[in-house]
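The task is simple: from the sequences and hints, build the whole structure.
The numbers in my numbering rise by one with no breaks, and the one at position 38 of the sequence shown is 43.
FYI, nobody ran anything at the bench for these hints, they're computed from the structure.
Within a straight-line C-alpha distance of at most 20 Å, the following computed SDA-like cross-link-like pairs (lysine to any residue) qualify:
hint, residue 1, residue 2
1, LYS133, ILE46
2, LYS133, ASN111
3, LYS133, ALA114
4, LYS133, PHE150
Cβ pair distances, simulated, as ranges:
hint, residue 1, residue 2, range
5, SER103, ALA57, 19 to 27 Å
6, ALA151, GLY116, 23 to 31 Å
7, THR104, SER43, 33 to 41 Å
8, SER76, ASP137, 31 to 39 Å
9, ALA56, GLU128, 17 to 25 Å
10, ASP137, HIS69, 15 to 23 Å
11, ILE144, VAL44, 13 to 21 Å
For glycine and all other residues, C-beta sits at the position ideal for the given N, C-alpha and C.
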Amino acid sequence: MKRTIRTVLSCGKISELFMPRILDFTDGFSQAAAPTTSVVIESSSNQAIAAAGQIAVLNVSFQHLKVSGDSGAQSASTTPFTGTLPDRSIIILQGTDSTNTLTLTNNDAAGGCILNGDAVLAEYYILKLIYDSDANRFIELERNFA
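Right, here's the structure in full:
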């Protein structure tokens with residue numbers, strides 16, 4: 006059985022394309038409805054972090070947190086997050102200030118971040134992490150800066 010695809014061209018003529026039968030979902034097969042899912046990304050207003058301070062996380066699976074240093078360039082705690090997270094939570098950190106930057110350091114310890122080098126979050130810099138509850142570590146997924 007061949008299938009014919011007819012297309013009306015802009016000049017008004019009909020173009021036909023003949024295709025061999027490959028799959029025909031009308032021959033006794035039923036297609037299940039596609040699952041519908043939605044992802045909600047929670048966000049927060051800017052958090053100005055003091056020296057050795059922590060970033061407050063939300064108890065949600067996807068979050069976008071804006072951060073900066075408090076009154077100048079600061080380095081967050083080596084265990085930079087406070088709060089409870091579900092396993093495999095995604096945290097997107099966005100720097101909001103070019104002067105009041107926030108540095109996160111690589112720290113392979115409980116509650117620490119496993120980073121591809123220290124991350125200095127300046128304005129519009131993004132760092133994406135995933136939380137692994139088995140390891141109790143925040144692991145870098147990607148960043149948009151060097």
